[in-house]
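All chains should be modelled from the sequences, with the hints used to inform the complete structure.
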Amino acid sequence: MGRPFGGIVIETLIVNVLLVLMAFAVLVLARTRNLFAVVVLSGIYSFLMATILVALDAVDVAMTEAAVGAGVSTVLLLGALHLCKSEEARPAHRPWLPLLLSLATAGLLIYGAMGLPDFADPNAPIHQHVAPRYLQNEVDVPNVVTAVLASFRGFDTLGETVVVFTAGAGIIALLRRRKHKEKGREGIAMRDDLVLLVVGKLLIPFILLFALYVQFHGDFGPGGGFQAGTIFAAGIVFYAIIFGLDKARRVVPDRLVETLLAAGVLLFIGVGVAGLLLGGNFLDYFVLDKDPIHGQHRGIFWVEAGVGITVSGVMLKIFYMFASRGQREGNEE
Amino acid sequence: MSGGVVEHFTYIVTVFLMVAGLYIVMARGNLIKKLVGLSVFQTSVYLLYVAPGKLIGGTAPILAPQYTVYSNPLPHVLILTAIVVGVATLALGLALTVRIKETYGTIEEDEITAADNAVQDAEDAHS
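Chains as they are written, first to last, in our numbering: chain A, 1 to 333; chain B, 1 to 127.
Wrong hints could be hidden among the right ones.
[Stated by the list, open to error] Quick list of in silico lysine to any residue cross-link-like pairs, SDA-like style, CA-CA up to 25 Å:
1. B:LYS34 with A:ALA66
2. A:LYS85 with A:ARG176
3. B:LYS101 with B:ASP116
4. A:LYS247 with A:GLY200
5. B:LYS34 with A:THR166
6. A:LYS85 with B:GLY105
7. B:LYS101 with A:GLY200
8. B:LYS101 with A:ASN34
9. B:LYS34 with A:VAL28
[Claimed, not checked] If you want the footprint, here are the derived chain A segments under chain B, 3+ residues with CB under 8 Å:
10. 37-50
11. 56-68
12. 73-86
13. 108-114
Read the hints as simulated data drawn from the structure, not as lab findings. Here the structure is a predicted model, which is why all the values come from computation and not from measurement. Glycine is no exception: its CB is placed at the ideal position from the N, C-alpha and C atoms.
The structure is reproduced here in structure tokens:
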């Protein structure tokens with residue numbers, strides 16, 4: 001600890017305090033039987049996770065976790081909870097066997113983890129292999145995370161985008177109902193709440209603008225398609241919660257959402273095929289322009305756009321499916 | 001190189017979170033609680049990946065002339081996509097839960113099994 005005392009101690013301290021808070025949140029979460037409290041606790045846990053990711057220099061990941069983990073998943077869990085109206089039952093017997101198994105697993109994993117390099121050891125193998133090459137900025141995009149995501153590991157990202165698309169399609173298959181008449185039903189809305197109405201009206205344009213900023217500034221700062229898509233969807237979800245689902249569906253109709261859901265993946269694949277047609281490999285951006293570096297920028301731009309479109313489509317569609325089911329359920333009663 | 005508990009504190013907490021998620025999935029019968037446990041398990045993996053990439057005194061991997069030390073960008077990329085896939089699969093699980101609730105009228109594992117057994121018994125009695 002001879003080096004500048006402040007740096008090491010403060011950074012480690014911040015991370016460790018946040019870790020303890022997270023462990024505490026999970027402990028309470030595991031013991032609580034009130035499912036509403038469980039959902040709120042999992043939101044808090046996700047937010048702590050986002051904070052710790054900032055402390056660990058993973059700003060892009062932190063942004064995604066804050067938008068997805070603390071935002072969208074909490075909304076989805078609350079939606080599912082509303083549909084299931086459930087309180088956790090008391091188990092018939094003490095769960096000794098799971099506890100024993102968990103402790104044994106923990107013991108083994110900690111034993112194994114002790115052999116891993118120290119926290120923040122600059123000589124650890126993880127810092128020796130490919131990371132130095134990524135940091136040389138071959139494609140001239142300041143945000144290395146964006147460069148790796150869209151260019152170096154483009155195949156990986158394509159796969160992930162397809163998984164997100166597939167999950168969206170699966171949810172449509174599970175929750176779709178063939179025909180129902182929408183007879184001008186208002187649905188649940190907070191139209192009487194003046195404060196929410198005014199604040200919502202003021203905020204929503206800026207949320208959408210921020211989503212676009214995150215999308216197109218992703219090359220230079222934290223951001224990119226995954227975050228932007230979620231934030232964009234969150235803006236519309238906010239609108240739906242305040243002004244009612246039907247109004248939101250008039251602004252962003254189901255057809256459009258379903259088109260977006262597929263269009264993003266197709267755009268991504270299209271960029272890959274464009275590389276093929278221009279004489280390169282699949283997802284080879286160097287051939288997309290006379291200047292290879294400019295070609296990279298072009299490829300990254302369109303790939304990120306594809307990711308953003310699909311992610312926003314899927315997030316919105318999922319919310320629509322859950323919300324409209326709740327609405328009909330409520331009307332049947 | 002090899003340190004003690006202090007140097008491996010992040011790993012230990014990661015393991016704790018992971019195992020807590022595992023325990024919730026195994027021990028709790030409520031399907032929504034199980035899914036929350038699953039997502040805790042999933043989230044702990046984020047730490048497992050991102051924490052080793054951190055360098056003390058480093059900064060986020062967004063290149064600028066005034067910085068020389070950057071944390072490792074590769075785990076960030078892997079986890080960023082994992083988060084979005086994670087919420088998509090969570091939503092799929094929740095959709096299944098909603099359908100189970102509509103079919104069985106409950107989302108407690110024991111009661112679902114009991115209902116299944118009752119149907120099975122009735123069929124056996126018929127044949």
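Quick one: which hint numbers does this structure break? Sort them smallest to largest. The structure conflicts with hint 7 only, although it agrees with all the remaining ones.
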